[in-house]
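S.K.: Position chain B against the provided structure of chain A, taking the given hints into account.
Chain by chain, the residues run as shown.
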Amino acid sequence: MRIVKGFLYKYKKILILFFLIIISFVFMFTSSSSAVLNFKKIGLSIIFPFQYVFHATGSFFVNTFNSISELKKSRQEINRLRNELKQYKQIIIDFNELKNEITNLNNLLELKNEIENELSIDSIACEVVGRNPENLFDVLIINKGSKDGIKDNMPVIGYAGGKKILVGKVVEATLFASKVITIQNPSFSVGSIIAKDRSHTIVQGSKKNPGIVKLLYVPKNYNISAEELNFVYTSGDSLLFPGGIEIGKIVKIYPSKKYENFNEADVQISIDLSKIDYVIVLKIDTNKEIIKFIEGLSN
Amino acid sequence: MIKKILINILIICFLISSILFNFNKFIRINNVLPDFILIFTVLNGIFFGPIYGMIFGFACGLSFEIVSQFPIIGFYALIYTLIGYSTSITRILYVDNAFTATITILLLILLKSFLFLSLGFLFLNIDEISFYFKNIFIIQTIYTVIISIPVFLIYKRFNPKLRKSYNHDV
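Each protein sequence line maps, in turn, to chains A and B. Heads up: the first sequence runs through residues 1 to 299, numbered per our numbering. Heads up: the second sequence runs through residues 1001 to 1170, numbered per our numbering.
Looking at chain A on its own, in the form it has when it is part of the complex:
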């Protein structure tokens, strides 16, 4: 009896463990219908964790190495796609550029036909190939010259918002290119008419503000109205410029410093001269002698 007691006391921990394990197993086998004592399954259950761990470790390394090669491939793929994207972006830019050019050319063709039908004047479309680097509004170089029938003092017009707008005149026609001074140039002046009251005025180039020219001889009683009729057109009095070509809109009136009986005004040009790409030169055959005579009169 003492030996049993001593044994129990000495191994009580192990005995309690076995006792609890047995109770647990009894509970498990009695509570679960799926739990059947199968020694093969028990053996497998002991091996399974090791198998699982080995498999997981092996998979980890295999996946890691695969990931590295995949990463390299992905990087190459990303680079390839980046290049492709760059090319596509360039294509889109080119496409938009082309679209704009087509629109411009269509507008120009429309304008050319309109001029030829309405004014019965022969004209030629030209591309602006150069500008005065110091002042983008001042001087334009066009890609047509005397070879194409362009002569000095021929009027140059542009197209904006569905209307023909005065751009300037040719001052120097070489064989393959011509120099155009715009209406912004201080040496440029043209007879004009205010749409509202048909007052005859003169538009003169000015370097004061880009896109703004001076309107001289504005009647004292003229006020800017809100009815959008403050537009200025060419008068047609000149031998150079046909009438009815839009120049711009009066934005400000102020008293003239030279003449007490007249005011002066600022006119906002209806076309952005810095962005103009194509123009039309009206082939008006101007007689130099007559021009000299007119200039002499105006002086």
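Just so you know, not all the hints are guaranteed correct.
Straight-line alpha carbon distances no greater than 25 Å define the calculated BS3-like cross-link-like pairs of lysine-lysine that follow [unchecked claim]: (1) A/K151 x A/K283; (2) B/K1004 x A/K10; (3) A/K144 x A/K252; (4) A/K252 x A/K220; (5) B/K1004 x A/K12; (6) A/K220 x A/K163; (7) B/K1004 x B/K1156; (8) A/K13 x B/K1004; (9) A/K249 x A/K207; (10) A/K207 x A/K179; (11) A/K144 x A/K196; (12) A/K252 x A/K179; (13) A/K13 x B/K1003; (14) A/K12 x B/K1134; (15) A/K13 x B/K1156; (16) A/K151 x A/K112; (17) A/K275 x A/K207.
It should be emphasised that the hints constitute simulated quantities derived from the structure, not laboratory data.
M.R.: Frame of chain A; chain B shown alone:
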């Protein structure tokens, strides 16, 4: 002795209720709770001896299975019994501070996962095992290790003498 049993019954009741009832949502991380039963089983084993740990683990596991309607009664009881017994390693690893306690708990979490895998292969289906390892194991391990530090310090504060006597017994 009765006082000790009562305290442990209260701890078990608290553990089971904290695991099973809805108010634990405040302490869930990604729907995972720390393994409180394991923490208390291990700490009981460390402070009061492996026999005590075994019995506590067995009682906790069994209560959990009964209350939670776990399909197999005795599964967690067996796991926590073996974990309670495994606290005998504190003979080798002298657990006197939070760091060593954390290491012990980490080792016993790994043991629990091993037991879960082997016993689970016998009694559970493979989906339950893979769900545990895919969605619960890592978060629960980290969370349990972190939570075990303050619990150990509380245990140590309330049971310094018992710890000492246990060391002498060993």
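S.K.: Any of the earlier hints contradicted here, and which numbers?
M.R.: Of the numbered hints, 3, 6, 11, 12, 14 do not hold.
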